[in-house]
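Based on the sequences and whatever the hints tell you, model everything.
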Amino acid sequence: MDKQILTIIIGAALVTYFPRMLPLVVLSRTRLPDVFLRWLSYIPAAVLAALLAPSLVIVEGRFMLANNPYLLAAIPATLVAIKTRSMALTIITGMVAMVFLQSWLNI
Amino acid sequence: MLPHEKTMPSTLSPSTITLFIQGMQAALPIVIGYLPLGFAYGVLAREAGLSLAETVLMSVLVYAGSGQFIAVSLLGSGVTAAAIIMTVFLVNLRHLLFSASFVPHLRRFNPVFLSMVAAQITDETFAVAINHYSNHEAHLPYHFGLNLTAHAAWITASFLGGLTGDLIGDPSRYGFNFALPAMFIILLVMQLKNKKTLLVALMAAVFSVAIAVIWPGNWNIIVATILAATLGVILEPWISKS
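Protein chains in written order, with this note's numbering: chain A, 1 to 107; chain B, 1 to 242.
In short, the hints are calculated from the structure, not lab data.
Hints are supplied without guarantee of correctness; some may be wrong.
Stated by the list, open to error - Computed beta-carbon distance windows for the label pairs: (1) Gly217/B <-> Arg38/A: 25 to 31 Å; (2) Thr30/A <-> Leu52/B: 41 to 47 Å; (3) Gly165/B <-> Leu105/A: 29 to 35 Å; (4) Ile10/A <-> Ser15/B: 34 to 40 Å; (5) Leu79/A <-> Pro237/B: 44 to 50 Å; (6) Phe63/A <-> Ser15/B: 48 to 54 Å; (7) Lys195/B <-> Ser86/A: 20 to 26 Å; (8) Ile214/B <-> Leu71/A: 17 to 23 Å.
To be verified - Quick look at which bits of chain A chain B covers, simulated, 3 or more residues with Cβ under 8 Å: (9) 12-25; (10) 31-41; (11) 44-58; (12) 89-102.
C-beta: ideal position from N, C-alpha, C; glycine also.
Listed below in structure tokens is the structure:
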């Protein structure tokens with residue numbers, strides 16, 4: 001194997017592993033203050049929204065609202081998610097909508 | 001989520017194997033999303049000059065989608081090893097938040113197991129597990145079933161992409177490009193329990209898009225999340241409970 005590539009792989013693996021591991025292992029041994037726990041309780045909703053929103057409105061690096069298949073496919077997927085609370089149905093709806101929208105919008 | 005979870009008698013403690021299989025099943029939507037992404041990574045890695053073994057090794061050891069994409073694209077354009085490693089570090093810093101969020105659910109387990117669970121934290125496995133733990137007790141076999149299945153899909157897809165070295169058609173033609181956004185939609189809907197979480201999610205969405213537009217490079221996720229969650233705590237007294 002190429003030495004430089006191997007260095008990059010091992011270095012990248014280490015700098016990725018430590019942020020994943022340290023909070024879980026270190027904080028599990030301490031008592032967490034109540035305000036921190038309340039802060040943590042907002043993280044899942046915040047992270048999901050922070051991950052989702054750009055994936056819907058930023059297409060190939062550009063902010064895009066009109067003729068955007070991601071944003072349009074999100075509408076039926078969200079309705080199905082709210083109505084059924086089923087992950088399988090939501091994903092299938094979203095993917096099928098995406099196939100139709102892409103051919104309709106000619107993308 | 002899964003039909004059999006509801007019918008599982010709550011008085012009986014489910015066996016290790018049952019929990020592990022439950023975790024594997026919970027990983028299914030992630031697998032659907034990872035297959036085309038991992039495949040694309042494999043193709044790009046080979047184009048950037050990695051061997052098939054190096055391509056797969058990176059998926060085994062680093063296992064972080066955007067980090068790997070960035071690493072191989074920088075490698076292809078001749079950036080130094082130190083700069084690449086630093087960039088991957090910054091891109092993957094958001095895992096700090098995921099790891100900390102697992103603490104209340106997983107703290108009672110042995111730190112050796114926790115250090116293993118932590119190795120396979122990704123955006124997607126975090127989202128599925130934290131959602132599961134909001135109404136189920138945490139179990140390590142479930143978590144390992146989820147993590148190992150998702151990671152196996154990522155490794156397999158990288159291998160196939162690296163082996164083929166070329167895209168077999170465009171996976172977005174079959175809607176695969178919407179598998180992960182759709183998964184985030186349903187997980188977010190299930191997290192919105194009251195006005196407070198709705199407000200935090202809205203703020204995070206707006207901040208994330210705004211930051212991504214003015215400041216490209218993945219910072220949007222960690223900065224938007226911290227800002228929105230902090231504002232959520234500060235604004236709590238003013239938001240009526242619902």
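Each hint tested on the structure:
1. Between Gly217/B and Arg38/A the Cβ separation comes to about 30 Å, which falls inside the hinted range of 25 to 31 Å.
2. Under the hint 41 to 47 Å, the C-beta atoms of Thr30/A and Leu52/B, about 44 Å apart, fit the expected range.
3. With their beta carbons about 30 Å apart, Gly165/B and Leu105/A fall inside the hinted range of 29 to 35 Å.
4. At about 38 Å, the CB distance of Ile10/A to Ser15/B agrees with the hint of 34 to 40 Å.
5. With their beta carbons about 33 Å apart, Leu79/A and Pro237/B fall outside the hinted range of 44 to 50 Å.
6. Against the hinted window of 48 to 54 Å, the Cβ-Cβ separation of Phe63/A and Ser15/B comes to about 49 Å, which satisfies the hint.
7. For the pair Lys195/B and Ser86/A, the beta carbons lie near 25 Å from each other, so the given range of 20 to 26 Å is met.
8. Checking the proposed 17 to 23 Å range against Ile214/B and Leu71/A shows it holds: the Cβ atoms sit about 20 Å from each other.
9. Note: the region 12-25 of chain A has 12 residues with beta-carbon separation from chain B under 8 Å; the three-residue rule is met and the coverage holds.
10. Counting residues of the region 31-41 of chain A whose CB falls under 8 Å from any CB of chain B gives 6; the rule of at least 3 is met.
11. A stretch counts as covered by a chain when three or more of its residues have a beta carbon under 8 Å from one of that chain; for the region 44-58 of chain A and chain B the count is 15, and the coverage holds.
12. With a threshold of 8 Å between beta carbons, the proposed coverage of the region 89-102 of chain A by chain B holds, since 10 of its residues qualify and at least three are required.
Hint compliance for this structure: hint 5 is the single one not met.
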